[in-house]
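Trainee: Residues per chain, in single letters:
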Amino acid sequence: MADTAAPVNPASDEPSLVAAPAEDHPLLRVENVVKHFPIKRGIFFKRQIGSVQAVEGVSLEVRRGETLGLVGETGCGKSTLARCITRLYPLTSGQVIFDGADISRLSARQLRTYRRRMQMIFQDPFGSLNPRRRVGSIIGDPLAIHGIADGGERKRRVQELMEVVGLNPEHYNRFPSEFSGGQRQRIGVARALALRPSLIVCDEPVSALDVSVQAQIINLLEDLQGEFNLTYVFIAHDLAVVEHVSDRVAVMYLGKIVELAETAELFGSPRHPYTAALLSASMVADPEKARSSHRVVLYGDVPSPINPPSGCRFHTRCPKAQPICSVDEPPLRVQAGDPAGHVTACHFPVAPGEQLVGAAPPISATATAFAAASPDISEGGGA
Amino acid sequence: MSLLSVRDLTVSFPTSDGVVRAVRGLSFDVEAGQTLGIVGETGSGKSVSALSLLGLNPGADISGSAVFEGTELLALRQDQLRRVRGAEIAMIFQDPLSSLHPYYRVGWQICEAIRTHRRTSRAEAMRQAVELLRMVSIPQPERRVSAFPHELSGGMRQRAMIAMALALRPKLLIADEPTTALDATVQAQLMELLGGMQRELGMAMIVITHDLGLVATVADSVLVMYAGRGAERADYRTIFRSPHHPYTRGLLASIPGAAGSGGRLVPIVGQPPSLIRIPSGCAFHPRCPFAMDVCVRDQPPFVPVSGGEGHLSACWLPPDAVGVDAAADVARQRYVEGRRGPAIARLRAAVAGARPGGAVAHG
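Protein chains in written order, with this note's numbering: chain A, 1 to 383; chain B, 1 to 363.
Accuracy of the hints is not assured; some may be wrong.
[Said to hold, decoys possible] Partial pick of chain A residues on the chain B-facing surface, computed with a CB cut under 8 Å:
no.	residue
1	Ser-180
2	Val-211
3	Gln-216
4	Ala-277
5	Val-284
6	Pro-287
7	His-294
8	Val-297
9	Leu-298
10	Pro-330
11	Arg-333
12	Pro-352
Calculated from the structure, these hints are not laboratory results. Note that this is a predicted model, so its numbers are computed, not measured. From the three backbone atoms N, C-alpha and C, an ideal C-beta is built for every residue, glycine too.
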């Protein structure tokens with residue numbers, strides 16, 4: 001389908017626009033992407049009084065056919081980054097290079113060719129489907145918009161897609177409300193597949209689903225990857241899911257990538273204290289592991305991205321923080337002893353086997369005080 | 001004697017579409033100082049059963065029995081129930097933003113809870129509110145006590161909810177999806193906090209969740225619910241190592257990282273049923289890989305099985321059909337082979353007719 005060389009951004013002088021042999025470069029390259037959302041005040045004369053620094057200089061590569069997992073907590077910028085990659089948001093600065101072509105400054109019109117090749121699956125299968133339109137026309141939309149098929153041909157292809165994702169093609173004329181959550185997510189997958197994209201960005205695709213249904217969608221995505229040679233960027237906050245589906249995983253904190261490595265490497269020997277804390281906080285459905293593991297409890301909340309901490313953004317909550325961490329921002333680099341693909345942005349990376357210690361006083365001290373003090377609460381029945 | 005003993009609890013809601021049978025004969029016990037995890041998917045009746053105990057389901061038809069420290073909760077008048085609620089049994093909810101009143105300051109709301117149950121001066125109640133906020137590790141409690149809920153982060157709001165729930169030192173705390181809306185690191189903070197408080201105050205907890213990871217971490221015993229009934233109940237080790245019910249087995253196989261999964265996930269086919277039209281016999285039979293003819297016809301009793309002490313399961317498989325490994329599944333399969341007749345054949349035909357494309361997704 002769509003060839004890379006198609007519309008060229010006249011303003012850009014990137015040499016990479018000359019279509020190189022497909023295997024030479026990664027499918028997607030993100031370089032120094034920055035996304036700020038302005039905060040404005042005033043009614044007539046809106047002044048910008050600050051900005052939410054949602055994504056602050058992220059660089060990464062996604063290889064053909066792999067699944068890159070993106071994890072982090074609420075507000076870390078992972079969804080914003082996903083929308084920057086697919087150019088649903090204009091970038092504040094930086095570059096997104098898709099299959100060798102810089103798409104970061106293309107106009108909406110020029111982007112169309114690329115949109116055929118990169119699609120998105122959203123978290124909320126209720127909010128992402130128009131409730132007043134029939135399933136057949138929702139899935140057929142991409143085919144209509146890109147003028148690929150219409151009439152009987154479009155219907156045939158939509159029904160084929162429905163079958164591929166495990167929906168009954170006879171339900172072509174039903175409305176989204178007639179489907180369960182898992183089936184709606186299948187509709188979203190079918191819509192994303194319609195144009196035979198090479199890259200699909202999945203933003204929390206299974207978070208809204210029941211446990212027993214989650215696995216159906218995860219398996220479906222895995223099958224489709226093999227069948228259609230897809231590359232995924234897979235965003236989720238559930239670490240077990242990310243570990244299961246990803247080849248490599250990037251961890252984000254407050255708009256930056258703090259660590260990136262092969263999945264087994266990252267989960268086996270995390271080097272960034274935030275990764276270590278995040279991994280230890282996740283509750284695995286295995287009682288022995290869940291109870292034996294040493295839990296690193298981070299205190300406090302994630303700072304505001306409007307006014308992020310200086311230096312390393314994690315230093316305010318980091319159990320290993322030293323004075324230099326608040327001044328000097330550590331670059332994302334390979335740490336001593338790590339394989340080439342494992343990068344960490346930390347001055348004092350966690351050593352293998354090292355146990356981190358939380359920073360605040362143990363809870364039980366205050367609880368004991370409570371249990372001992374104020375006897376007046378405990379006496380007397382209902383007044 | 002158990003702190004709370006629920007027997008044959010049944011809750012249904014008349015609606016214009018038909019009667020929603022949310023809970024259908026549920027029995028469980030909670031021991032003093034222990035944590036019971038109630039696991040189930042959306043619509044399994046786990047929240048409804050907890051709300052019914054506290055009389056928080058107006059409009060529902062409730063029958064059965066729930067004895068808390070010798071008092072039958074389901075027979076109490078509203079004014080009597082009010083004395084129990086909050087003081088003896090407290091509850092924290094999933095969404096701390098909608099369960100705190102947006103118009104009132106956090107401290108005021110905690111004071112209200114205290115002053116409803118205890119004769120305390122306003123100043124004294126406020127002093128206690130500050131102490132409670134300090135206890136749940138809210139920084140600068142003297143200031144936060146006069147904050148509005150929207151001024152606090154999600155984790156802090158849930159802490160404020162916990163402070164309010166613990167204000168009267170309840171004997172039982174019901175936590176309904178306490179950490180579902182929160183991030184992993186905040187979830188770990190809160191569960192550590194709750195665990196610490198539980199040990200100090202000797203209170204019992206019911207943790208209602210769909211998250212098997214949370215249950216694996218905090219529960220002493222686990223009750224798995226499906227379509228309004230108890231499917232299986234055991235201590236936490238048995239549930240994860242030697243489950244009996246195919247639904248529990250299926251949940252473990254479909255979760256990445258769970259004890260019984262490895263390599264490719266094995267999902268449970270189909271969807272949870274509608275509570276208006278619940279399948280005949282065992283409600284799980286349309287989704288069960290081990291369904292037999294008897295499962296379509298008769299509801300299985302909740303009886304002891306051989307995974308461990310106090311292990312109960314509602315399934316027609318033989319009592320020793322426990323375990324998560326392949327050998328256990330082979331044994332289950334061998335048992336059901338001779339017991340599949342016309343009922344299962346009809347079921348298979350109906351499924352195949354309804355979903356011609358289904359094979360791709362579930363195959």
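Trainee: Tell me if Ala-277 (chain A) is really an interface residue toward chain B, meaning its C-beta lies closer than 8 Å to one of theirs.
Mentor: With a closest approach of 6 Å, the Ala-277 (chain A) hint holds.
Trainee: Can the hint on Ser-180 (chain A) be confirmed by a CB-to-CB distance to chain B that is less than 8 Å?
Mentor: holds, 5 Å
Trainee: Does Pro-330 (chain A) hold up as a contact with chain B if the rule is Cβ-Cβ below 8 Å?
Mentor: Nearest chain B Cβ about 20 Å off; hint violated.
Trainee: Does Arg-333 (chain A) meet its interface restraint, that is, does its C-beta lie within less than 8 Å of any C-beta in chain B?
Mentor: Check failed: Cβ of Arg-333 (chain A) comes no nearer than 25 Å to chain B, outside 8 Å.
Trainee: Should the hint that Val-211 (chain A) touches chain B count as held when the rule is a Cβ pair under 8 Å?
Mentor: Val-211 (chain A) check passes; min Cβ-Cβ to chain B is 6 Å, inside 8 Å.
Trainee: May I ask you to test the interface hint for Pro-352 (chain A) with respect to chain B, counting a Cβ-Cβ separation under 8 Å as satisfied?
Mentor: Violated: closest Cβ of chain B sits about 21 Å from Pro-352 (chain A), beyond 8 Å.
Trainee: Tell me if Val-297 (chain A) is really an interface residue toward chain B, meaning its C-beta lies closer than 8 Å to one of theirs.
Mentor: This hint holds: Val-297 (chain A) lies near chain B, its Cβ roughly 5 Å from the closest one there, short of 8 Å.
Trainee: Please check whether Pro-287 (chain A) passes as an interface residue: C-beta within 8 Å of a C-beta belonging to chain B.
Mentor: Holds - the Cβ of Pro-287 (chain A) comes within 8 Å of chain B, reaching about 4 Å at its closest.
Trainee: Under 8 Å is the threshold here; is the Cβ of Gln-216 (chain A) close enough to any Cβ of chain B for the hint to stand?
Mentor: Status holds, d = 4 Å.
Trainee: Tell me if His-294 (chain A) is really an interface residue toward chain B, meaning its C-beta lies closer than 8 Å to one of theirs.
Mentor: violated, 12 Å
Trainee: Holds or violated: Val-284 (chain A) as interface residue toward chain B, Cβ cutoff 8 Å?
Mentor: Holds, because the Cβ-Cβ distance from Val-284 (chain A) to chain B comes to roughly 5 Å (cut-off 8 Å).
Trainee: Return the status of the interface hint for Leu-298 (chain A): holds when the least beta-carbon distance to chain B is below 8 Å, violated otherwise.
Mentor: holds, 5 Å
The structure fails to meet hints 7, 10, 11, 12 from the earlier list, while all remaining hints are met.
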